[in-house]
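Asker: Here are the chains, one letter per residue:
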Amino acid sequence: MISAPDVVAFTKEEEYEEEPYNEPALPEEYSVPLFPFSSQGANPWSKLSGAKFSRDFILISEFSEQVGPQPLLTIPNDTKVFGTFDLNYFSLRIMSVDYQASFVGHPPGSAYPKLNFVEDSKVVLGDSKEGAFAYVHHLTLYDLEARGFVRPFCMAYISADQHKIMQQFQELSAEFSKASECLKTGNRKAFAGELEKKLKDLDYTRTVLHTETEIQKKANDKGFYSSQAIEKANELASVEKSIIEHQDLLKQIRSYPHRKLKGSALCSGETEHTQDQTSQAATTSHPDESADTDLYTCRPAYTPKLIKAKSTKCFDKKLKTLEELCDTEYFTQTLAQLSHIEHMFRGDLCYLLTSQIDRALLKQQHITNFLFEDFVEVDSRVAEKQESVPPKPGPGRPPSRSLEECLIPQVLISVGSYKSSVESVPIKMEQELGDEEYKEADVAEMSSFDPQENLDYLDMDMKGSISSGESIEVLGTEKSTAVLPESDSQASLTVPLSPQVVRSKAVSHRTISEDSIEVLSTCPSEALIPEDFKASYPSAINEEESYADDSEGAIHFQASVCAPELGEAEEGGLETPPSQIDSSCCIGKESDSLRVPLSTPAHTPSDQDGVVSIPPQRYRQKDQGFHVDFVVENANPLRDSSSEGFPADELDPSHLLASRDVSKTSLDNYSDSASNMSSLASTSSDRTPSSAHPTGPSSERHKKRAGQNALKFIRQYPFAHPAIYSLLSGRTLVVLGEDEAIVRKLVTALSIFVPNHSRYAKPVKHWVSSPLHITDFQRWKLIGLQRVAAPAGAGTLHALSRYSRYTSVLDLDNKALRCPLYRGALVPRLADHRTQIKRGSTYYLHVQSMLTQLCSKAFLYTFCHHLHLPAHDKETEEVVAGRQASFLKLTLGLVNEDIKVVQYLAELLKLRYAQDAPGTGHPMLRFDYVPSFLYKI
Amino acid sequence: MLRWLIGGGREPQGLAEKSPLQTIGEEQTQNPYTELLVLKAHHDIVRFLVQLDEYRFASAGDDGIVVVWNAQTGEKLLELNGHTQKITALITFPSSEACEEKNQLILTASADRTVILWDCDTGRQVQKVSCFQSTVKCLIVLQRLDVWLSGGNDLCVWNQKLDLLCKTSHLSDTGISALIEIPKNCVVAAVGKELIIFRLVAPTEESLEWDILEIKRLLDHQDNILSLVNVNDVSFVTGSHVGEMIIWDILDWTVQACECNFWDPSPQLDTQQEIKLCQKPNDISIHHFTWDEENVFAAVGKGLYVYNLQLKRVIACQKSAHDSNVLHIAKLPNRQLISCSEDGSVRIWELREKQQLAAEPVPTGFFNMWGFGRVNKQASQPVKKQQENAPPCSLELIGDLIGHSSSVEMFLYFEDHGLVTCSADHLIILWKNGEKESGLRSLKLFQKLEEDGDLYLAV
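Top to bottom, those sequences are chains A and B. For the first sequence, position 25 matches number 25 in full-length UniProt numbering, and the numbering has no gaps at all. For the second sequence, position 403 matches number 403 in full-length UniProt numbering, and the numbering has no gaps at all.
Just so you know, not all the hints are guaranteed correct.
Rough simulated footprint, nothing fancy, chain B against chain A, three-plus residues with beta-carbon under 8 Å [said to hold, decoys possible]:
| # | stretch |
| --- | --- |
| 1 | 133 to 144 |
| 2 | 772 to 783 |
| 3 | 924 to 933 |
Keeping only pairs whose Cα atoms sit at most 16 Å apart, straight-line, the calculated EDC-like set for lysine to aspartate or glutamate is [stated by the list, open to error]:
| # | chain 1 | residue 1 | chain 2 | residue 2 |
| --- | --- | --- | --- | --- |
| 4 | B | Lys436 | A | Glu214 |
| 5 | B | Lys436 | A | Glu878 |
| 6 | B | Lys436 | A | Glu877 |
| 7 | B | Lys137 | B | Asp62 |
| 8 | A | Lys200 | A | Glu240 |
| 9 | A | Lys232 | A | Asp248 |
| 10 | B | Lys436 | B | Glu415 |
| 11 | B | Lys102 | B | Asp121 |
| 12 | B | Lys102 | B | Asp119 |
Some chain A residues near chain B, calculated using beta-carbon distances under 10 Å [to be verified]:
| # | residue |
| --- | --- |
| 13 | Pro820 |
| 14 | Thr852 |
| 15 | Thr862 |
| 16 | Leu867 |
| 17 | Ala881 |
| 18 | Ala906 |
| 19 | Leu909 |
| 20 | Lys910 |
| 21 | Ala914 |
Think of the hints as simulated: they come from the structure by calculation, not from any bench. Note that beta-carbon positions come from the ideal geometry of N, C-alpha and C, so glycine has one too.
Just chain A, same shape as in the assembly (with noise of 0.2 Å):
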C-alpha cells in the first residue's frame, strides 16, 4: 500500500485515511487533500455523508403502546442496506412527529367510543445528525385490544438526500397512500372479524351471567339481594353496555366509506378468502388464550367463551403484529407495493429526475414509443392506478380537536405513562403526571449506565427544553443553526446501543453535530387544519424530552420482554428471515457481526458501516484489488479476467449514485459479480428483482447487460449490420447453438433492437428445442434455439431450411449467418464495431437514441396523409408509390434497406394505431421474397 501511495491516494480515501494509525505516516508530498467525508466511506458525488446507511431504505415503525416507538421492519430487508444506522432512535423520531394521531374514544358529547376514520399525514422529516432525511407517512390501524382501539403505524421512506425527498414528495406521497389504504383496507376487515368475534363472546357472557343470576335468584328468595348477586347484576349490566358500544363499533368500520375500499386497487382481495384469513389471524392473535384457540380455528364453529369481568393488563396481553393486525394477505401485498417503492425511488435525485423526465418525454411520443420502450407500459399502469385512487377528501377528519386532544399521542410517548400504564387515568392528569413519572423512570433506568451518560441525558433534556441543540421545526422553518458544541451528547446516545458506533465517531473527524430534527413540511394535500398546528407546535418540545429516554426505553425491551415479539412480528413478514431482523432491531447481534471486521482493522481499515454484512474471508480476499477496479474499471486487466463471460461488471448509474460511499458500491457491485458467477449456468438475462413486485424485465442491470452483450457482438460479428437489419425490419432471426447460455445471452442482447408488436411483450424467444413453426415466426422475432445433433435435430434443420425465406439464421457454433443483404446507412451508425463506447449502459442508451430517431421518422412516414392517400380521384397507386419512395429517400435520407426498416416500423404504428383493443392477436407476418446471403467469419 505504501508502495504506491499515489494510487492509494486517488482511488480509496479511506484507507489512507485510516492508515496514519497504524502505519507511519506517508511523506507530505504524496498527501492529498482527502474528500471530507471519507471516513464515512462517502464518495464524492454524495452531498451529504452523514448517513450511516448505504442507500435508501424503507422502515415502518410502530408506536407500541407497550414499549414506545419500535420498529418493525425494513425494506430491502438486509442489514447492509442500513448499516449502524440506529433503527430504534430513528423510529423513535419518525414516529414524535405525527400531528394527527388521533384519539379514539369517548369524545365529548358522544356516549360510545368513536372511530375516526383519520387520514395519514405526511411529512418530511430531517436528522442531519444521523445523515438522514425521511418521507414519513403516519398511519392508524384498528386493534380491538389496543388502547383507544388504535395503534399508530408509520412507514418512512428514509434517505440520505434531502433533495431528494422533498423533490420527490408528490410520488412518495402517491405511492406510500397506496401502501398505507391497502394496510387500512386489510386492517379494517380484520377489526370487523375481530368485533364480530368479540360481540359473539359478549353475547355468550350475557347468557352465562343471565344464567346464573337466575340460578342466583332462584336459589335465594329472602327478598334482598347478596353482594355477589348485585356484583353479578353489574357485571351484566357492564356487558350489556359493552355490547352496545361494540355493536355500534362494528357499524362504524363497517360504514367505513367504500367508494375508498373501491378506489385502491391494490387491495382488491378477495372478500370471502379474506374473511378467512381474518378468523385465523384472530385466532392467533390470542396466544394467552392458546387453549381456546383451537376450538375456534375455523371460523364457523367459532366457540364464544366467556369475557372475564377483569380486564388483563396491559403488560399481559400479547400485542397483534403488524400482519396480524391487517390480514396476511394485505400485508404481503403492502410488502409488495413497498418494495415496489424502494425500487422506484432507487438511486440518485439526479438519475430519478431524469428517469421521469424520460418517461415524461416518452409519454408524450405514445404512438411510437411502444416500439422499443419496455417500461412504458408499466409506467403507464401505475400512472393510471395513481389516477384510480384519488387523493381522498376526508370524511373521517375529525371536525376540531381539543388541544389536549392533539397532545395525547406525544405524551403517551414517554416512558412514564408506559410505566403507568394505567388506560382509564384522566387524560389531563395523565400529561403532567407523565413529565414527572418518566424523569423519575429516567434516572431509574440510567442508573445502570455510566455517570457520564446520566449527565448526557440530562443535559439534553434541559436542551431539549430550550430547544437550543436539538429542536423540532414544524413546517418549512429554516434548518436548525444552532450547533452543539461537542457531538459528545450524541456519542453517549449511541454507546450503549453499539460500539461499532463509538468506533467509528472517534476515529472520525466530523464537523457536523447539530443535532436536530427538522420537519419540512407537511403534505398540503392531506391539509392539516390550523388548530392541528397550533395544537402540535407546543409539543414540540415534549416530544423532544421523550425521545432521549425512549432510545433508552428501546434498549430496554430489546434486552427484555419484547425482543421475541418482535422477532416473532417479523417472521410474520414473508421476506424476512429471522436472522437478519434480529441484527435490524437488535445491536447485540448486529455488533456480532460487526466483530471481524473489528478484530482486523489493518487489513479492512475502512469497513465501517454496513460492509461487514458480507462474507468476511471473500471480503479480505478481493478487498484491495475491487477498490482500485472501482475507479479504474474497464483498464483494469485483472478484473476482466475475473468476469470473463460476463460484461464488466459496471456501475450503473442508479447504483453508484444511490449509494453513500465507495466501498460499499463497490462491494454491491462484486456481491454482484460474484453472484453472478454464480449462476453462470443459469441465464444471466433472466435475472429478476428479488422483491415481490413485479418491475418488468428492463432493469437497469437488464439494459446495461443488453448492451454490453450487444456490443461485444457487434464487435465480434463482422456480419452483425445485416443481422441487425434482419431484426429492425421484422425479419425472424434465429440464433442457432448448442450452449443455452451463449444462445440466450446473445438473444438477450439482440433483444434491444427488436421493435415491439405491442407494449405488452417483446417478441422474443430466448430458446426453443423444438422444430420451428410458421406460427413462430409469426409471433417471435428472435428465437434462439437449440442444435440438436443430427438425427434428432434433423426435424429442425428441415423446418428451418423449409421456412427459410420468413428467417435468418445465425449459427453460433459456425460463425455464420445467411440473411438478405444490407447495403444501407443506419445500422452502420447503430452499430459501429469501431465505436467509442465501452460501456454497456452508455450503448444500451445510444441504441436507444437511435432508434427513437427511427422511430420519429417512421412516425412522419407513418402520418403524413399525402403520402398514403391519393390527392385525387384520378391520381393512380403508382403516383403515390413513387410519392412515397421519394419521402423516404428524399426528405428522411434514406438509403436502400433502410426503407424497409421504416417501412415495417411504420405497418408496426398503422396496426398498434389503428388497433381497437391493443394487444389482441398477433400481427401478421410480413416478408420479403429476396435472396438471402451467406456470411460467415
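Based on the hints, put chain B in the right spot on chain A.
Answerer: Then chain B, alone, in the frame of chain A:
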C-alpha cells in the same frame, strides 16, 4: 453440417434429386403474397373451405367443428359446434327467396351420419337431420328445383325445410363420391367406377310425390372415379384413379373425348426405373379438375396438365409440379393457376404461350446454378422425346407459398383479400398482398384519425 445453410432456399436435396421438380428461388418478383396470417382454431385436419360472401369464409375438417372467418382481418367470427365426428361435406345453402331472413346458411355433413343446417350470421344450428343410414359424402343443391341432395350409400332428395322427399335404393357400399347437376333435372353421381345418371321427377298434377329415377349407368372408366366436374354448358368431365379423363356430353351422356394414359409417359420411356415410377397408380390419379372457357386443368398425380377443349389435346403440362400429389387446383382470372399439394406447398403458375417450339418444359437454370448436373441430364432426356409433340404452351412457376407443415388440403381465392389455404397441420393461412394491405391500413389509420378528430387539428 453447413449444408442446410447453403441451400436453405430449396426443397430437401433428396427429393430434388429424385424428380425434376421445378423450383423457384427466394426471389419471386411476381409473387404478390408478401404477408400472411396464421389462423388457428381447428384441432385436426382442415379439409374444407367455402366462401360465404365477399369477406367471409367457413372452414371445416376432421375435428367436426365449422369456423366462420373474416377473410380481411383473419378474425374468427363464429365457431359452430354440433358434429361429433369429422365433417365430410360442406356446402353453402342458398336461402329460398320466400324466406324472409337473408342469413347465409351452410349445410354440413359429418361422419356421425347427420347433416346440419347452420346460420352463419348468428351461429345458430337451424336444423339437424340424423336419419341417415350411412355417412353423407357429398351434398348438392339444385336451386332450380329448390331441393338439395345428399349422397352416401344412397341418394336422398330433400326440400328446403329439410324434409326427405324421396330416395334411391342402396347403391353401393363405397357410396357416392361425387355429384353434379346436369340439365333436364338430372344429376350425375360417381359411384366407384360407374357414373350413374338420375332424373328427379318433380310433383305434377298426377303425382304429388317427388321421385328419383335411375336413367343410365356409364361404365367407361377402368377405375374409381375421383373427380367429376361440370365444364361448361355442353360437357362435363370425369377423372379416374388410373388417369383416364373422359369428357362427356352433358345432354346425351356420350363420350366426347377420352384421354387415357395420355399423360402417362411410360410408352415413351425406356429406362426401367422410370416405368416403375410412373406405374404407381397414385402418380396418375386425377384428383381435381378446374376449367375455364377453353381449357380443362387437371391435377394428375404430382403434375399439372392443361387440356384444350377445342384442340382436344394437352397444350401444357408440368409433370412434377409438386413433390407430392396435387390435391386442389384453381384458375385465377389472370391466366394464373394455383395448385396445392400434399407436400405442404402452394404454387402459383402462369400459362404462357411458348415463344419457340424448342423451349424446354423444365427450366434447368436453377439446377445449374447449384451444380446438380445429373439432375439436369435426367430432366433434359424426356424433353428430347417430346420434341415432336411439344405442347404449345407452358406453365411457368411464378411463386410458391411455404407455410404449412403438412399437406395443403384446399384453398380459396378471394379477389380482394388474397388466398386462404387449409392444411392437415390444423392451420389455415391467409395469404395477402402486402402492399395492398399496407395501403388499406393507411386508409384505416387516416379514417380513424378523422373519426377522432385528430386529422385537422394542426391546420
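Asker: Looking at the structure, which of the earlier hints fail to hold?
Answerer: Per hint list: 1, 4, 9, 14 violated.
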